[in-house]
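Given next are the chains, with one letter for each unit.
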Amino acid sequence: PQGWRWPLKEEEYARYGRQLILPSVGIKGQLRLKSAAVLVVGAGGLGCPAAAYLAGAGVGTLGVVDGDTVEVSNLHRQIAHSAARVGMKKVDSLIEYCRGLNPEVKYVGYNEHLTPQNAEDVVNAYDVVLDCTDHPTSRYLISDICVLLGKPLVSASALRTDGQMIVLNNPPAPQGSADGGPCYRCVFPKPPPADSVVSCGEGGILGPVVGVMGVLQALETIKLIVAGIGKENDQVPKEPLTPSLLLFSATSSTPFRSIRMRSRRLNCFACAASSTLTLKYLKAGSLDYVQFCGVISPVNVL
Amino acid sequence: PQGWRWPLKEEEYARYGRQLILPSVGIKGQLRLKSAAVLVVGAGGLGCPAAAYLAGAGVGTLGVVDGDTVEVSNLHRQIAHSAARVGMKKVDSLIEYCRGLNPEVKYVGYNEHLTPQNAEDVVNAYDVVLDCTDHPTSRYLISDICVLLGKPLVSASALRTDGQMIVLNNPPAPQGSADGGPCYRCVFPKPPPADSVVSCGEGGILGPVVGVMGVLQALETIKLIVAGIGKENDQVPKEPLTPSLLLFSATSSTPFRSIRMRSRRLNCFACAASSTLTLKYLKAGSLDYVQFCGVISPVNVL
Amino acid sequence: LVCLALSSLIKCAHASSGGLEMLFSDQRRHVLSVPALDKNNKPVAVAYLIEYLCENTMKDTRKELFVLDDHLRPGILVLINDADWELEGEEAYEIQDGDNILFVSTLHGG
Amino acid sequence: LVCLALSSLIKCAHASSGGLEMLFSDQRRHVLSVPALDKNNKPVAVAYLIEYLCENTMKDTRKELFVLDDHLRPGILVLINDADWELEGEEAYEIQDGDNILFVSTLHGG
Ligand SMILES: [Zn+2]
Ligand SMILES: [Zn+2]
Numbered sequence: 001p002q003g004w005r006w007p008l009k010e011e012e013y014a015r016y017g018r019q020l021i022l023p024s025v026g027i028k029g030q031l032r033l034k035s036a037a038v039l040v041v042g043a044g045g046l047g048c049p050a051a052a053y054l055a056g057a058g059v060g061t062l063g064v065v066d067g068d069t070v071e072v073s074n075l076h077r078q079i080a081h082s083a084a085r086v087g088m089k090k091v092d093s094l095i096e097y098c099r100g101l102n103p104e105v106k107y108v109g110y111n112e113h114l115t116p117q118n119a120e121d122v123v124n125a126y127d128v129v130l131d132c133t134d135h136p137t138s139r140y141l142i143s144d145i146c147v148l149l150g151k152p153l154v155s156a157s158a159l160r161t162d163g164q165m166i167v168l169n170n171p172p173a174p175q176g177s178a179d180g181g182p183c184y185r186c187v188f189p190k191p192p193p194a195d196s197v198v199s200c201g202e203g204g205i206l207g208p209v210v211g212v213m214g215v216l217q218a219l220e221t222i223k224l225i226v227a228g229i230g231k232e233n234d235q236v237p238k239e240p241l242t243p244s245l246l247l248f249s250a251t252s253s254t255p256f257r258s259i260r261m262r263s264r265r266l267n268c269f270a271c272a273a274s275s276t277l278t279l280k281y282l283k284a285g286s287l288d289y290v291q292f293c294g295v296i297s298p299v300n301v302l
Numbered sequence: 001p002q003g004w005r006w007p008l009k010e011e012e013y014a015r016y017g018r019q020l021i022l023p024s025v026g027i028k029g030q031l032r033l034k035s036a037a038v039l040v041v042g043a044g045g046l047g048c049p050a051a052a053y054l055a056g057a058g059v060g061t062l063g064v065v066d067g068d069t070v071e072v073s074n075l076h077r078q079i080a081h082s083a084a085r086v087g088m089k090k091v092d093s094l095i096e097y098c099r100g101l102n103p104e105v106k107y108v109g110y111n112e113h114l115t116p117q118n119a120e121d122v123v124n125a126y127d128v129v130l131d132c133t134d135h136p137t138s139r140y141l142i143s144d145i146c147v148l149l150g151k152p153l154v155s156a157s158a159l160r161t162d163g164q165m166i167v168l169n170n171p172p173a174p175q176g177s178a179d180g181g182p183c184y185r186c187v188f189p190k191p192p193p194a195d196s197v198v199s200c201g202e203g204g205i206l207g208p209v210v211g212v213m214g215v216l217q218a219l220e221t222i223k224l225i226v227a228g229i230g231k232e233n234d235q236v237p238k239e240p241l242t243p244s245l246l247l248f249s250a251t252s253s254t255p256f257r258s259i260r261m262r263s264r265r266l267n268c269f270a271c272a273a274s275s276t277l278t279l280k281y282l283k284a285g286s287l288d289y290v291q292f293c294g295v296i297s298p299v300n301v302l
Numbered sequence: 001l002v003c004l005a006l007s008s009l010i011k012c013a014h015a016s017s018g019g020l021e022m023l024f025s026d027q028r029r030h031v032l033s034v035p036a037l038d039k040n041n042k043p044v045a046v047a048y049l050i051e052y053l054c055e056n057t058m059k060d061t062r063k064e065l066f067v068l069d070d071h072l073r074p075g076i077l078v079l080i081n082d083a084d085w086e087l088e089g090e091e092a093y094e095i096q097d098g099d100n101i102l103f104v105s106t107l108h109g110g
Numbered sequence: 001l002v003c004l005a006l007s008s009l010i011k012c013a014h015a016s017s018g019g020l021e022m023l024f025s026d027q028r029r030h031v032l033s034v035p036a037l038d039k040n041n042k043p044v045a046v047a048y049l050i051e052y053l054c055e056n057t058m059k060d061t062r063k064e065l066f067v068l069d070d071h072l073r074p075g076i077l078v079l080i081n082d083a084d085w086e087l088e089g090e091e092a093y094e095i096q097d098g099d100n101i102l103f104v105s106t107l108h109g110g
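Residue numbers (this note's numbering), protein chains in the order written: chain Z, 1 to 302; chain R, 1 to 302; chain E, 1 to 110; chain L, 1 to 110.
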């Protein structure tokens, strides 16, 4: 309305009122959410709930990357799609759902898989990246581009009745800086043998297991943004945050464990001072992620 | 198709394939899900994600109880509703969303709040009940009716950045039987003073916090059904399951804790041998839950 | 979050959750030094810790939000080493070396 | 999930997660008795535990899914008392009283 002099629109006070009144959010946190751009890579079992709660919370821009199409076998866990949207691009289906929940957000869809060639262009405009993909090749690529572009990375995975989550490259200091948090390669310098890698299609997955991990990714992302990420933050910690790996096991009597992880690896291929990884090198295709992670054979066990 | 001789329909193999191949589910578990009726009481921040994943997993019947209407202030966390459905009955909105995800499920909506008068009729036909409500009065009522009708109860709650979850009355042995798990009154015999009770409207709530708790409720429910609940179970445990209370605190460095809780209370008002609680007594309105939980005053803090 | 019984003192860090921290200057964790023996020369019980917290740690004047009629008010769980205190003897439980005591307010929102 | 060093034996219960339990007869937890000292009379290190698990506990014949080139294969995390073993000295870490050792396979699904 005319003469409205508050930092948020009237509609936004109504929509976000329940989170605005939290001392840890407040008007300042809501404005940070509104000015933040978040990229969700993967519109599947992790990406659906993660995008839902990020849209609900009112991030300014929500980007979604996925080259796949909705299938009926997705629907037991990919709760933003629907039976009527089987056959539709996952990116379009997820954005249609999110827009229904919160039309105030700006949505950007990338109907393609992330590649060394498009990664810089896709990721550059965002403040935080969520790895909601399902293969080591994409996990190493996403980590590398987040290191190169200085983006914190909220990474999760799930299989059968287990899940894992870790916040990487936080804070996202430049390569070689000891002030940055570790990247995916610091924690997992070598990929597992290709025949030990199991997808959810092969190994199976319980819907709420991957759902919990996706919701927790949204939560970590909101916490990062509300606290002020990267340069925006006044109180940059003097020592880098060493991340905690959250383990979830649905069948255990203590289903969650928080594990203290290492800081940056001094000889990390991606984030060390000695790293030869550059945007140009990446884009030129000098890194073959598929070869690095090994040839995928259909028979496997773990 | 004609001559199809498998226990599930062709469409069901496709839809549930990723959970069917889990050893802990299998055809047997999927058939148990298909024959199970689950009641979600409350179509809000807990009920939306809980119902979504229960619908996705393919429970046979999903009942939803809520007397409220969708408001724009719900949408940051109640992810099954949408901006277009503001003003609609929450029950209708949630079922519309769930039917879009999985039209194979039978949905039953109860557009009313649970009361001592309607509780027996509403709850009787279900195998498991989820408490997704937001006030002590409904929590005591739901627990009492679950004790009287012998239904396991998956109870969760959330406020600000914290959440709690516990599986009660599991196994759901009769009143006075030491083989049953504790009820809500065993764990919380006295309600908190009314002026210490804070709702999400007053205290605020972060969307993914209540989201995680709701998804975990769906998970516990699926685990109960797949393992075979109540009488259906061949391996009824000799000693009652003592439940674990899951605590979640989004701001803690170890966000989840699992707490061992007590077994049935020998002098429990609801589930003890000495209990005078009966279906008739409940229905007659002899228990005033509002008075029991105290008069609600608008000013409060905790 | 850990209680260490020293010769004459119990160094005790307890944690509050579920809103209770508002009563304790918005801190979730407190490190306390509590005498290891009470006035009657007996090992300190949880009842004493509650009294101590109320008198020495709580900044909020509304003691009734923590203690009612000399007992912990309904709606607050006490968790001793990740177990409900009802499994451990409730108020009479004697605090031991390395104990882990958590006060949690029950939540009702959804 | 707890390792207890006794006079001459380490009684060790370790847990596997993330699919690794399939290599160990589908059990998530194992209680083992491992000598507290190795052949050279030195305290037993995690490297020895891995070797021991491979030779004595693993029922699956595909040892290469657990050990590659005499080291734990990439994609398996070792967690010692809720910390990445890289913080604790990796294979050389000497197992202590009350240690808590967890083997976890990294997951990639989503
Ligand atoms: Zn690195
Ligand atoms: Zn009871």
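Since the hints were derived computationally from the structure, they do not count as laboratory data.
Small disclaimer: the values here were computed from a predicted structure and weren't measured.
Some hints here could point you the wrong way.
[As the list claims (entries may be wrong)] Taking lysine-lysine pairs in the DSS-like style, the calculated list, with each CA pair at most 30 Å apart, reads: (1) Lys28(Z) <-> Lys42(E); (2) Lys34(R) <-> Lys106(Z); (3) Lys34(R) <-> Lys223(R); (4) Lys39(E) <-> Lys223(R); (5) Lys63(L) <-> Lys34(Z); (6) Lys39(L) <-> Lys63(L).
Satisfaction of hint between Lys106(Z) and Lys34(R), Cα-Cα up to 30 Å
39 Å, violated
Straight-line Cα separation of Lys63(L) and Lys34(Z) no greater than 30 Å?
Roughly 51 Å separates the two Cα atoms, so the pair is violated.
Tell me if the straight-line CA distance from Lys34(R) to Lys223(R) falls inside 30 Å.
14 Å, holds
For the pair supplied as a hint, Lys39(L) and Lys63(L), is the alpha-carbon distance within the 30 Å limit?
23 Å, holds
Holds or violated: Lys28(Z) and Lys42(E), Cα atoms, limit 30 Å.
Outside the cut-off at roughly 51 Å; violated.
Holds or violated: Lys39(E) and Lys223(R), Cα atoms, limit 30 Å.
Violated, because 51 Å separates the two Cα atoms, which is more than 30 Å.
Figure legend: structure checked against the earlier numbered hints; hints not met, in rising order: 1, 2, 4, 5.
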